[in-house]
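Engineer: All chains should be built: construct the whole structure from the sequences, respecting the hints.
Chains as they are written, first to last, in the working numbering: chain L, 1 to 387; chain V, 388 to 724; chain A, 725 to 1092.
Hints are supplied without guarantee of correctness; some may be wrong.
Result set (DSSO-like, lysine-lysine): computed pairs, CA atoms no more than 27 Å apart in a straight line [as the list claims (entries may be wrong)]: (1) A:Lys753 with L:Lys40; (2) L:Lys197 with A:Lys845; (3) L:Lys40 with A:Lys791; (4) A:Lys990 with A:Lys753.
No lab work stands behind these hints, which were simulated from the structure alone.
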Amino acid sequence: MIRLLPAKGGHWSGALLSVLVATVATVVISAILLAFLTDKPVRTLWELLTYTMQGGTPAVQWGKALSEGFYLAVIALGLSVGYKAGVWNIGAEGQFAAGAIGAYLTWLVLGAPVTVAVMPFLLLGGVLGGMVWAAIPAALRAHLNTNELLVSLMLVYVATNLLTYLVQSPLQGCAPALDAAGNQVGCIPYSPAQSEKLPSVLRFGPLVFGTSASSGASIGTKIHSGLLVLGGAYFVVAAILLFTLIGFRLRVAQSSAKAERFAGFSSAVTIWLSFMISGGLAGLTGAVFLMAESFSLTVGGAFLSNLGFAAIVIAFLGRLHPVGILAAAFAIAYINSGASWVASQPELRADDSVAGFIEAIALFCALATAALSQRRLIWKKEAASHG
Amino acid sequence: MVDLTYWLALLVTVLNYATPLLIAAIGVLIVEKSGVLNLGVEGMMIVGAMVGYVAGSYLDTASCKLMGFDGVTCLQFEGSLTIPGYIAAFLLAGVAGAALASLFALMTQVFNANHVATGLGLTILGLTLTNGFGPDAKDMRVESVANILPDAWVDLPVIGRLLGTDLLTYLSFAAAVASLYFLSRTRLGMLVRAAGENHHAAHAIGYPVRLIRVGTILFGGFMAGIAGAYISLVQLEAPTWREGMTAGAGWLALALILFSTWRPLRVVLGALLFGLAFSLELRLQTMGWMPSWGVQFILPSLPYLVPVLVLVIISRNSAMIRANQPGSLAEPFSPSS
Amino acid sequence: MKLSKTFATGLVAAALTAGAFSAQAEPVKVGFIYVGPIGDLGWTYRHDQGRLAIEEALGDGVVTTYKENVEEGAAAVDAITDMAEAGQDIIFTTSFGYMDPTNQVAANYPNVKFEHATGFKRETDNVSTFSARFYEGRVVQGLIAAKMTKTNKIGYIGSFPIPEVIRGINAFTTELKKHNPDAEVEIIWAFSWFDPAKEAAAAQTLIDNGADIIVQHTDSPAAMQVAEARGVKAFGQASDMSRFGPNAHLVSIVDNWDTYYVDRVKAVVDGTWSSGDTWWGLTKDGMGGEQGMVQLASYGNMPDDLMAEAKALEASLASGERHALPCPINNQAGELVKDCADGAAHLSDLTLVTMNFYVEGVTGNIPQ
Chain L
1 MIRLLPAKGG
11 HWSGALLSVL
21 VATVATVVIS
31 AILLAFLTDK
41 PVRTLWELLT
51 YTMQGGTPAV
61 QWGKALSEGF
71 YLAVIALGLS
81 VGYKAGVWNI
91 GAEGQFAAGA
101 IGAYLTWLVL
111 GAPVTVAVMP
121 FLLLGGVLGG
131 MVWAAIPAAL
141 RAHLNTNELL
151 VSLMLVYVAT
161 NLLTYLVQSP
171 LQGCAPALDA
181 AGNQVGCIPY
191 SPAQSEKLPS
201 VLRFGPLVFG
211 TSASSGASIG
221 TKIHSGLLVL
231 GGAYFVVAAI
241 LLFTLIGFRL
251 RVAQSSAKAE
261 RFAGFSSAVT
271 IWLSFMISGG
281 LAGLTGAVFL
291 MAESFSLTVG
301 GAFLSNLGFA
311 AIVIAFLGRL
321 HPVGILAAAF
331 AIAYINSGAS
341 WVASQPELRA
351 DDSVAGFIEA
361 IALFCALATA
371 ALSQRRLIWK
381 KEAASHG
Chain V
388 MVDLTYWLAL
398 LVTVLNYATP
408 LLIAAIGVLI
418 VEKSGVLNLG
428 VEGMMIVGAM
438 VGYVAGSYLD
448 TASCKLMGFD
458 GVTCLQFEGS
468 LTIPGYIAAF
478 LLAGVAGAAL
488 ASLFALMTQV
498 FNANHVATGL
508 GLTILGLTLT
518 NGFGPDAKDM
528 RVESVANILP
538 DAWVDLPVIG
548 RLLGTDLLTY
558 LSFAAAVASL
568 YFLSRTRLGM
578 LVRAAGENHH
588 AAHAIGYPVR
598 LIRVGTILFG
608 GFMAGIAGAY
618 ISLVQLEAPT
628 WREGMTAGAG
638 WLALALILFS
648 TWRPLRVVLG
658 ALLFGLAFSL
668 ELRLQTMGWM
678 PSWGVQFILP
688 SLPYLVPVLV
698 LVIISRNSAM
708 IRANQPGSLA
718 EPFSPSS
Chain A
725 MKLSKTFATG
735 LVAAALTAGA
745 FSAQAEPVKV
755 GFIYVGPIGD
765 LGWTYRHDQG
775 RLAIEEALGD
785 GVVTTYKENV
795 EEGAAAVDAI
805 TDMAEAGQDI
815 IFTTSFGYMD
825 PTNQVAANYP
835 NVKFEHATGF
845 KRETDNVSTF
855 SARFYEGRVV
865 QGLIAAKMTK
875 TNKIGYIGSF
885 PIPEVIRGIN
895 AFTTELKKHN
905 PDAEVEIIWA
915 FSWFDPAKEA
925 AAAQTLIDNG
935 ADIIVQHTDS
945 PAAMQVAEAR
955 GVKAFGQASD
965 MSRFGPNAHL
975 VSIVDNWDTY
985 YVDRVKAVVD
995 GTWSSGDTWW
1005 GLTKDGMGGE
1015 QGMVQLASYG
1025 NMPDDLMAEA
1035 KALEASLASG
1045 ERHALPCPIN
1055 NQAGELVKDC
1065 ADGAAHLSDL
1075 TLVTMNFYVE
1085 GVTGNIPQ
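Structural biologist: As C-alpha cells, this is what we get:
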C-alpha cells in the first residue's frame, strides 16, 4: 500500500502528489462554482479551455496568453527569492510602474533619440526604476527595522499616484486636432492623461502574425520580441538560483539573525538582495510592457492591470521554485485570457472575474496541500508497515 | 478665517475616516495578541462592504414583504434604512467577514498553512469575490442611515454635525477601551495573550490554543466586515458600492497595530492621525495654493505616506516593540510537535 | 378584444422584422465596450440603454454583447480585439480614452465597423466618431444656479481638465455670471470619471466650504445623494438622477444615444454605413429638429417662474435661436476671445473642440 512518511527538506514524490491533489481539487471546485455562476457551465468551461482554437485568428489568442504568462513568470520569480527568505515584498505592482517610468525617463534624459540602439538603455532604466522603488522598503527594513510588507504595499498606491501625476502634468501628451482642411489647429490632451508615445522604432514588434479567417488580413499577435528579453532574464536568474553558490545561499537564507551563519551572509544583505532582484525584475517587466503594449505612460489605474499582485499568487502556486513558477504562470495566464474571451461571447457573457476566482481557489488548494510536499511517498507491503 | 463650523466639519470628516480603521484595527489587535497574523483584513472588509450594502438595500423592503404586505405598500421602505434594518445590515456584514475568516482559520489552524501566504490569498479572494460578482448599483438604493439621536439635536447649528455622527463612531471608541479592559482584566483576555505569547507553554498548561485562535480569527473577521460596511453605508453619507472601494483601508488597519505597538489606546490615536491624512486631500486642493505636484501626487498619497512615516519612527525603538509584541506571532503551531 | 389586438400587432411586427432581415441570413452582431459598470447610473448606464434600444428596434435581426469596466489603456486593446475576434460586425467603444486602442484594432479588422464616442481620430475608413453637445445643458443649469443660490457659492466637481469638461464649466459660469454677478464657482477635480467615494468626498468638501449648489461632471449619483443628505441642491449628470435627490435635484443633463445607435446599426444592415463624425446637441441639427443626444430631465425643486424661464431657455437653445456661448466672450485676462474678435456671432465648433482656457468669471487655473 501507499504510505506517506515525513521527509525533512521535502521529497519529489510528496511534491508531485501535492501538486496533483491541488490541481484536481482546483478543477473540481472551479467546475462546481462555474455551475452556480453561469447559465451554461459546460459551454463556458469548454470555451475557457479551448478558446485558442476558437475565434477568427487563433494566433491572436495564443499571443495574449503567452505574453501575460511571461510577465507573470518574471515578476513571480523575483518575488519568490524574498518569500523563501521571509522577506515580504508585496509591492511588485508599484515596482512595475516605477520600471515603466524609469524606462520612459531614461529615453527623455538621453534626449528622446529615435534609434533602436537606445532600447537596451530603456530596459536598463526599467530595471533601475524598479530597484529604486524597491530600495525604499529594503532600506527601511534593513536599517530602520520597518515592516517591509506594509511599506512595499503602501508604495504601490504612491507609485500609482506618481504615474498619474507625471502624465497629467510634466509629461502630458496631446493629440493634434485638425480643421476641415487638415491643418493642425490645436492639441487636445488625452483623457485619461497619457504621455507622448514612444516612436515606433523603440517598440517591441510582433514576432508572430496570424491570418484573419474572415478578412484574410495579417494581424500582429502579442508574441513580441520583448518576450525574448523577458525569457532571457528568466533563464539567467533561474539558472543563478538553481546552479550557483550565491543562488544556494539565497535559497537557504533567512532574514532572521538565526539563519545568518547558515547562509553565509547577514540578514541585511538577504533583504537587500531579495528586494533588488524582485524590484529589478518587476521593473524590467514594466519597461517591456511599456515598449511592447502601452507605448506611452498612462494614468496609474489605466496602466496597471494587477500583474504585480497576480504574481504573488503565481509565486506561491509555483511553490517558490523556478520550474513551478513557469508552469503556474502560463496556466493562470491561459485561464485569464480565456476568461476575457468568454466575457465577449454574447450567449455566455460570463464575467471575466471568473479567472480571478479560479486563481484564488488554486492558491488555497496549493497552500492547503503544501504540507504534503514535506512528505515522501513510498510503496510498502502491508506486513512491512508493522516493522 | 477662524470659522468654528469649518473646523467642526473637519473634525467630523476625520472621525468619519477614522471609524472603520479603528473598528478593523481592534479586530486585528485581538487576533495578533493570540499569535495569529491575518493579512486578509482588506479582503474581509471589502466583502463586508458589499454584503452590508446589499443587505441595507433590501432588508426593509424584504422584511415588509415577509410580514405579508403587498409590494406597493412595501415600496415606501425602498430607499430608507430603519434602525432594525441598519443593525441587521451591519450584523450580516460582520458575519460575512467572519465567514471569510473561517477559511483562514481552517487553513492555518487545521492545515497549518503559512499565515502570510494565506492572508494574502484571503485578500485576493475577497477582492475577487466582490469584483464582477458585486451588485448592480441600479438595483440598490439606501438613502439614509439610522441616526440614534433625536432629529432636533442633529439639526442644531454648528454642533449638530458632530452630534449627527454615526452611532458606530461612538461605539468604535468604546470598543477600543473595552479591548484594553478585555486583554488586561478578563480571564478570557489572559488566555488570548497566553496563546499569543508562547503557544507551546500555553498548550502544556492545558489551554486550548487552537480553539482560542479560531475564536479570535472569527472575531477579527467580524470586526473587519463591520468596518467594511461602515465604508459602503455610512462614510460617504450616500450609501455607495464600488468594487475595490476599501482602497487599502484593511492594510492601514494592520499598519495601525504596528504603529500602536499592540496597545489599544494608541490605536485610537493612530486612527485619528490616518483619518486626518484622508481628510486633508480635497480640503487642501480647494485652498488653491498648492503646486500641481502637491495636488496631484502628494495629497492623494498622504493616507499611504503618513503610515510609512510613522512606522519608520516607531520601528526605530525595537525595545518598545518587543515589550508588547506577541512572542508566537505568525508561527505555525501544531499540538503534536 | 384587447388581447387579440396586441397579438395581431405582434404578428405584424414579427412579419416586418422577418421581412426586413430576410436578406441577411445571420443577425448583425454588435459589441459594446464600457468604461464603467452599467450600474453606475450615469454614463455607462445610458450607453447600455442605447444598446437595449438597438435590441428593441431590430429584434431578432441583432445580437448584442458588452464588456464592462474596461480600463482605458493597453487593456482596452485586448478587450476590443476579443470583440472583433468573436465576430462582431460593429463595435461601439464608449469612452474618450479608447481613441487610440479603437484605431489600433480597427486597422487589423478592416471589415468590422467601429464607433468611438467623444473622440475625433478616424485613421481608417471603418472608424466613426460621435459626441454630444452636453454644454448646451450647462447653460440652463447656469441660469437655475444663479437664481437658486443663497450663499452665492457653487461647487463644481470636474472629472479631468479636458476640453469637454472645460466647455461645460465655461458655458455654466458665463450664464451664471450673467444672471448673478456675485456668484462664485469652486471647482474640485476628481481626476476620475467614476469614483463614488471621491465624488462624495468632493461634494462633502464643497458643501463644508459653503456651497449650496453642486454641479458634477462625473458619472455616479454619489454627489446627488450627499446633497440630499446635507439639504443643498444639485444637478444630475448623464442619467436622470432625480430619484437620488427627491429634495435636492434641480435638473439632470441626460445623454440620449438611442437614436444614433439604432441609425448606425441599421446602416450596417443596409450596407450604407460610412465613416464620419456626428455631434448632436439638444436637437440633431441644432435648429429645432428631431431629438438629439442631449436631454434635460425632471425639472424640480425650484419656483414655477424659474422653471418656466429655464424651459424657455432650453427651447431657445434647441431651436438655435440662442447659442450656448454667444459673443462677446472674454478670456480670464479680460480680452475678447479670437472667434469674437474676428466678428463671429458665437464661438466656433473648432474653438469648442479644442477649448483649453477658462472664460472671464471662472477663478483659478486649469491644472497643468
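Engineer: Taking the hints in turn, state whether each one holds.
Structural biologist: Hint check:
no.	hint	verdict
1	A:Lys753 with L:Lys40	holds (20 Å)
2	L:Lys197 with A:Lys845	holds (16 Å)
3	L:Lys40 with A:Lys791	holds (18 Å)
4	A:Lys990 with A:Lys753	holds (12 Å)
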